[in-house]
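Given these sequences and hints, build the entire structure.
Read top to bottom, the protein sequences are chains E and P. Numbering of the first sequence is given in the working numbering, commencing with residue 1 and proceeding in unit increments. Numbering of the second sequence is given in the working numbering, commencing with residue 400 and proceeding in unit increments.
Please note that a few of the clues may not be correct.
Simulated pairs of lysine to any residue, SDA-like, Cα-Cα distance not exceeding 20 Å [said to hold, decoys possible]:
| hint | chain 1 | residue 1 | chain 2 | residue 2 |
| --- | --- | --- | --- | --- |
| 1 | E | Lys94 | P | Asp491 |
| 2 | P | Lys493 | E | Pro239 |
| 3 | P | Lys795 | P | Thr415 |
Bear in mind the hints are in silico, worked out from the structure with no lab data behind them.
In case you want the letters, here they are:
Number of protein chains: 2
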Amino acid sequence: MSEKKGVGDFVVAGGTPALAEILPVGQLYFPSWDRYEAAMRDIFDRRYYTNHGPLLERLEARLEERFSVRHAICVTNATVGLIMVAKAFFRDGKILLPGFTFVGTAQSVSIAGLEPVFCDVDASTHHITPDTLEAAFEGGVRALLGVNLWGGAVDFGAIDAYARSKNVPVFYDSAHGIGSQIGGKSLGGNGLAEVFSFHATKVLGSTEGGCICTNDDDLAALLRNMRCGYGMGRIVEVPVTTNGRMSEAQAAIALMSLDDLDEHIARNQRLATAYEEELGDIPGFSVCKPTGVDSTNRQYFVCEIDDRVLKLTRDEMAKILKAENIYARRYFFPGVHRSVPYRSEFPQYLDRLPTTDALCSKLLQLPIGALVTEEHVRKIGNVVREASRNAEGLRKHLR
Amino acid sequence: MSEKKGVGDFVVAGGTPALAEILPVGQLYFPSWDRYEAAMRDIFDRRYYTNHGPLLERLEARLEERFSVRHAICVTNATVGLIMVAKAFFRDGKILLPGFTFVGTAQSVSIAGLEPVFCDVDASTHHITPDTLEAAFEGGVRALLGVNLWGGAVDFGAIDAYARSKNVPVFYDSAHGIGSQIGGKSLGGNGLAEVFSFHATKVLGSTEGGCICTNDDDLAALLRNMRCGYGMGRIVEVPVTTNGRMSEAQAAIALMSLDDLDEHIARNQRLATAYEEELGDIPGFSVCKPTGVDSTNRQYFVCEIDDRVLKLTRDEMAKILKAENIYARRYFFPGVHRSVPYRSEFPQYLDRLPTTDALCSKLLQLPIGALVTEEHVRKIGNVVREASRNAEGLRKHLR
Numbered sequence: 001m002s003e004k005k006g007v008g009d010f011v012v013a014g015g016t017p018a019l020a021e022i023l024p025v026g027q028l029y030f031p032s033w034d035r036y037e038a039a040m041r042d043i044f045d046r047r048y049y050t051n052h053g054p055l056l057e058r059l060e061a062r063l064e065e066r067f068s069v070r071h072a073i074c075v076t077n078a079t080v081g082l083i084m085v086a087k088a089f090f091r092d093g094k095i096l097l098p099g100f101t102f103v104g105t106a107q108s109v110s111i112a113g114l115e116p117v118f119c120d121v122d123a124s125t126h127h128i129t130p131d132t133l134e135a136a137f138e139g140g141v142r143a144l145l146g147v148n149l150w151g152g153a154v155d156f157g158a159i160d161a162y163a164r165s166k167n168v169p170v171f172y173d174s175a176h177g178i179g180s181q182i183g184g185k186s187l188g189g190n191g192l193a194e195v196f197s198f199h200a201t202k203v204l205g206s207t208e209g210g211c212i213c214t215n216d217d218d219l220a221a222l223l224r225n226m227r228c229g230y231g232m233g234r235i236v237e238v239p240v241t242t243n244g245r246m247s248e249a250q251a252a253i254a255l256m257s258l259d260d261l262d263e264h265i266a267r268n269q270r271l272a273t274a275y276e277e278e279l280g281d282i283p284g285f286s287v288c289k290p291t292g293v294d295s296t297n298r299q300y301f302v303c304e305i306d307d308r309v310l311k312l313t314r315d316e317m318a319k320i321l322k323a324e325n326i327y328a329r330r331y332f333f334p335g336v337h338r339s340v341p342y343r344s345e346f347p348q349y350l351d352r353l354p355t356t357d358a359l360c361s362k363l364l365q366l367p368i369g370a371l372v373t374e375e376h377v378r379k380i381g382n383v384v385r386e387a388s389r390n391a392e393g394l395r396k397h398l399r
Numbered sequence: 400m401s402e403k404k405g406v407g408d409f410v411v412a413g414g415t416p417a418l419a420e421i422l423p424v425g426q427l428y429f430p431s432w433d434r435y436e437a438a439m440r441d442i443f444d445r446r447y448y449t450n451h452g453p454l455l456e457r458l459e460a461r462l463e464e465r466f467s468v469r470h471a472i473c474v475t476n477a478t479v480g481l482i483m484v485a486k487a488f489f490r491d492g493k494i495l496l497p498g499f500t501f502v503g504t505a506q507s508v509s510i511a512g513l514e515p516v517f518c519d520v521d522a523s524t525h526h527i528t529p530d531t532l533e534a535a536f537e538g539g540v541r542a543l544l545g546v547n548l549w550g551g552a553v554d555f556g557a558i559d560a561y562a563r564s565k566n567v568p569v570f571y572d573s574a575h576g577i578g579s580q581i582g583g584k585s586l587g588g589n590g591l592a593e594v595f596s597f598h599a600t601k602v603l604g605s606t607e608g609g610c611i612c613t614n615d616d617d618l619a620a621l622l623r624n625m626r627c628g629y630g631m632g633r634i635v636e637v638p639v640t641t642n643g644r645m646s647e648a649q650a651a652i653a654l655m656s657l658d659d660l661d662e663h664i665a666r667n668q669r670l671a672t673a674y675e676e677e678l679g680d681i682p683g684f685s686v687c688k689p690t691g692v693d694s695t696n697r698q699y700f701v702c703e704i705d706d707r708v709l710k711l712t713r714d715e716m717a718k719i720l721k722a723e724n725i726y727a728r729r730y731f732f733p734g735v736h737r738s739v740p741y742r743s744e745f746p747q748y749l750d751r752l753p754t755t756d757a758l759c760s761k762l763l764q765l766p767i768g769a770l771v772t773e774e775h776v777r778k779i780g781n782v783v784r785e786a787s788r789n790a791e792g793l794r795k796h797l798r
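Below, the structure is given as structure tokens:
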């Protein structure tokens, strides 16, 4: 492992890596073996492994309490959750959503047999606004699917007012948002529903998993009956069902992760502060703080590169970092509207989302989460700073 | 616990239950804690919890070898697997499938935005035939979705020939079929794909889970890329993606269950033989042996009640058994075409599937699997035999 001082210290120029091992960009918070064993032995004793078991009920009750929402409906994963919400509203039709999102947001609409309509986002917040929605709104749009990014959020008041003006419901992909707060209140109760991800790369994890939050009793009853072929709780007639069940083992891990949520968020915030100290004054390399919330889970650490100033493109910086065992992610890249199958099925969006295109070429995510230490952050900061100082020299080695 | 000798011994007439505790109808085969712990500690050591991990790869390779199929693609659950196969073929259109199946078969078609067309089944095998398919085939049908029931199978040669004559592909819901064999060859390679369930109630279980088997390299590449938003293996362009990932923990349990598969099947076969000895000569109560295979996983023990002979209806027998803590299932009930939303959306099928309707009113499943012993079978046999002998007396207590 080497401290970078000049071009020759970089791996791309023949130096040794800044980190001895590859650092994942995600979170991968996981309980200790001892806690896991205790939870799993209980499941073994009960011989109740899945389908609305006692741990799932406890998890849902605790999520409802913690996030001050009437209903938390846990599911196999967030994509299945989004499919369920979309399908609870409509059998067919169009849903308006941003092109700047994880591909799963749009794919959940497509696999449900609905048609995505893509809008652009605001350059400073990376989120949808009434203006970006209005520029893309078209006949046949039956719902808005907002996306809350990076542990931040949209301006819920403005989006709600816009949705009301169009007389369409709005629901949210809040995969990034668990634990972030506005005015002391956690995300979860916005729009008709919010869908959270409990994937291993999130601050609240159940390996695979997710949760739909809603304050609408009727929608909750629908979703609980849609979650599996045989309803549970209040039995209502549903348009369609699927298998969206979360197993007891998933619920057990999520419960432990919920116990640790404040600690995970505090760790992320400490790491983010350390990053900000390291990276605060690099010309052409700026930190994107989550917007729209008072307190963020800091699930992502996103930076924006201005290559005219930095003299390195985002992709060049990512390449330099990767060689040092730092897997910084180009996220999101490409924009969903430029991914398969949308780029060929809906080519009309290729020149309609300039801000999305710009963000997709400028943003870089640095590793944060359970496996990242402040020592890692110092080393990554050293690499970025020195790469910036030696931009021109390094560029020659990238060709 | 009481041996039944007369009406007064039955719980419905004031007696004590035949079984001290409720017996689940399913399988619930699960590894011992020690084996589970060893597998999970490895996962913890690796810190690799999901997304095409080493256990998933090993599981898929072992399934491919065991079932002599080129590709085994493990998924979150069988419903998601069916959605993926349906969507791999078509973005929209109609799929022809039997009304006599688990509701998830049809719902996987509906949630994918495709339209189910229902056909009837054969009264003796409970399976589709070229005749039942032909009676329902209509314009716009783009694929056949066959269902293999009870550890048995359709006549694959006849169905394949029919599909070829109509120039449409056929794929199978083989949720019941893992380990069943024809001519020494396991199910898995029939049609364009077969989808198996690894739910806890199956002989091969991963709590929740499933697997798509196919010999078609192109379809396999499609499905592997559809399984998650970021492809794995051979990268191909896909019409749509979802999150169908099986986690490492699920894969670990499935691997252990695969080790035990022969043992599970042998246990089920022993239990079935014991049931057949107990129930062999009850007028109006006959055992439905799985058809179309040479060797069955005996995942279900299905009986047919002729109420004119037995003097008890299927529902009356189920009620008597339930009072004795024997949860015999009315499965499938109702037929999918009579379930929500199909009964109102497609009312044309309400009078078109007479054999399905008859089977739905006559079949009863008795408990089989990991938690059932030969002692249980003897007690259940005693209840059924004595209920049959005391039918008229018991009937008075059911009103």
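### Message
When the structure is checked against the list of hints, which entries are broken? Sort them ascending.
### Response
No numbers; nothing is violated.
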